[in-house]
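Participant: The chain contents come next:
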Amino acid sequence: MMFDKAVHNFTKPKRSFGNCKIKFFDLQNTFRCTLLIMIAMFVMVGCSKVSGGEIEEVAPDKEVLYENPEFGLRIVEIEGWELEKETANSVKFKKDKIVSIITVIPKGDTVAEIKQGFLSAAGSVTVTGEGPNFISWKSDRNESIHTNIFIEEKHDRNIITTFLTPYNDYELNREEIEAFRWNIETY
Amino acid sequence: MLKKLAVTTILVGSLTVAQGAFAEEGQELEEVVTEEVMQEEAIGETEGTLDESVTEEEPKQEETVVMTPESHLYEAIRLIEEAIYELTEDAAEKALLQDGYAEKRLEEAEELFEKGNDEAAEKILEDYEKHTEEAEKVIEEAEENGEDLSDVKEVITDNTLNRFRNLLALLERENLPEQAKAGIQKAIDNKTRAMERSGQISVIEEIVNEEIVSDENVDTNSEETETEQQKAEKRAEKAQERAAKQAEKAEQREERAQERVEERAQKAQERVNKQAEKAEQRGERAQQKVEDRAQKAQEKANKQAEKANENRGNGRP
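The listed protein sequences derive, respectively, from chains A and B.
Okay, so the first sequence: first residue is 1 according to our numbering, each after it adds one.
Okay, so the second sequence: first residue is 188 according to our numbering, each after it adds one.
Please note that the accuracy of each hint is not assured.
In silico lysine to aspartate or glutamate, EDC-like type, Cα no more than 20 Å apart, as pairs [unchecked claim]: (1) Lys-94/A / Glu-313/B; (2) Lys-378/B / Glu-313/B; (3) Lys-97/A / Glu-341/B.
Here are some chain A residues the structure puts well away from chain B; computed CB gaps all over 10 Å [stated by the list, open to error]: (4) Asp-61; (5) Val-64; (6) Leu-65; (7) Arg-74; (8) Ile-75; (9) Gly-80; (10) Glu-82; (11) Thr-110.
The hints are simulated quantities; they were obtained by calculation from the structure and are not laboratory data.
Think of the CB as a built atom: it goes at the ideal place given N, C-alpha and C, for glycine as much as any other residue.
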């Protein structure tokens with residue numbers, strides 16, 4: 001009943017200019033609109049599937065600092081950052097007093113388990129922030145180091161990005177960390 | 188009726204498209220959420236307030252789990268350690284960090300030996316040695332630069348000796364394969380050499396003796412059962428054997444060093460003798476040449492005199 005009323009309100013003449021009533025939705029128009037929307041839908045879904053299945057190409061104006069198709073990882077060039085080391089499942093970058101480590105591990109452990117693993121290995125620390133896919137802490141030492149860990153879940157793997165910087169320089173380096181994060185592309 | 192159908196189709200279609208779009212953007216949304224968390228964290232830190240799940244004053248007391256190379260996170264953890272060490276500037280802190288890493292490596296090696304992964308354990312023991320060496324190096328360099336790290340040095344020496352005891356205890360494990368024992372023995376030998384170099388061999392000897400005494404104590408206290416006593420005896424014997432081996436090795440090392448010194452001296456003497464012999468030969472050759480030349484000159488002079496006499500006899504001027 002309510003539905004009928006809604007349809008009626010939707011299709012009834014909305015405005016009248018004097019004696020002349022204008023119908024916004026007559027039967028023919030409705031079919032045309034429906035067809036157009038459906039076609040648009042198919043096109044959108046089709047396009048998204050094509051782009052999702054392939055390695056996205058980097059824009060021609062962007063230089064690549066690091067790329068590893070095995071990891072499904074690309075870092076767009078960013079001033080001052082340098083590749084320092086690469087191991088079987090990790091890659092380490094550095095800029096002045098900031099270190100970034102990107103680790104790709106197979107799906108298995110939950111995000112909570114990953115956080116717990118890092119935290120227990122970190123020793124004596126104070127947690128300074130935590131979110132669903134994020135944790136940060138500072139070491140309880142005279143020269144404290146701040147650690148940020150971001151965990152990105154993909155369907156077949158987890159990508160863990162770690163940033164380390166002296167705690168005293170953290171506020172100063174926050175923008176640099178953010179900028180580097182935005183230059184990390186996963187596919 | 189047709190109108191109803193059309194409108195229903197539009198509604199369903201819109202929902203489908205919206206769902207698809209959000210699924211594609213899921214990752215971005217997640218990132219935005221994380222960003223928000225980071226922003227919240229920033230606010231929390233600057234304003235002195237914290238997230239509900241965070242306790243600033245009381246650090247989380249997490250259960251200590253020994254992470255081994257069998258874990259996917261291990262490489263990242265080691266890289267994090269490396270980065271922390273690089274970012275730390277103070278020599279005392281650096282030395283203490285390396286000492287802590289050495290402690291972790293030993294725990295990991297013990298865990299790996301326990302699991303039967305001897306190959307990985309031996310590799311970790313090598314890393315353990317590298318950490319202890321690095322700690323010593325940092326202290327040495329700092330002291331050369333005039334820093335006083337005596338307190339840190341004391342702490343590190345105590346920790347190192349405790350770990351040396353752990354290594355000795357690890358060597359005693361009965362289920363350990365020979366190869367693993369060789370790896371542990373190597374670590375013990377290296378430590379002994381390092382202590383020898385730093386003039387602290389007496390400390391190592393003390394520890395080994397302590398081990399023997401403690402084993403003997405175990406022996407006297409465990410007279411309740413025959414098997415326990417036997418075990419204690421075995422341990423004492425082993426400790427004794429180890430001490431004897433250590434002494435023997437030290438003696439062998441000394442002998443080898445002495446032999447090397449003697450060899451070097453002998454070689455040096457031989458070299459000197461050879462050089463003297465060569466010099467003598469050179470002298471003789473030179474003398475011979477001089478004599479040859481003198482003889483030739485004499486012969487030449489004689490010939491010339493003979494010619495002169497002949498010319499005079501023929502009436503030539």
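Participant: Evaluate each hint against the coordinates.
Facilitator: Now the hints, each set against the structure:
For the proposed pair Lys-94/A and Glu-313/B, the alpha carbon gap of about 27 Å is over 20 Å, so the pair is violated. Only pairs whose Cα atoms come within 20 Å are accepted, and Lys-378/B paired with Glu-313/B is accepted, the gap being roughly 12 Å. Using a Cα cut-off of 20 Å, the hinted pair Lys-97/A and Glu-341/B is violated, with the two alpha carbons roughly 30 Å apart. No Cβ of chain B comes within 10 Å of the Cβ of Asp-61/A; the nearest lies about 22 Å off, and the non-interface call holds.
Taking the minimum C-beta to C-beta distance to chain B, about 20 Å, the non-interface status of Val-64/A holds against the 10 Å cut. Under the 10 Å C-beta cut-off, the non-interface status given to Leu-65/A relative to chain B holds; the minimum distance is some 18 Å. For Arg-74/A, the shortest C-beta to C-beta distance to chain B comes to about 15 Å, beyond the 10 Å cut-off, and the non-interface label holds. Remark: the non-interface label on Ile-75/A is consistent with the geometry, its nearest Cβ contact in chain B lying 16 Å away (cut-off 10 Å).
Annotated as non-interface, Gly-80/A keeps its C-beta farther than 10 Å from every C-beta of chain B; the closest such distance is 16 Å. Once the 10 Å rule is applied to beta carbons, Glu-82/A is consistent with being away from chain B; the minimum gap is 13 Å. With a closest Cβ-Cβ approach of about 13 Å to chain B, Thr-110/A is found to remain outside the 10 Å limit, as its non-interface label requires.
Hints 1 and 3 from the list above are not met by this structure, while the remaining hints are.
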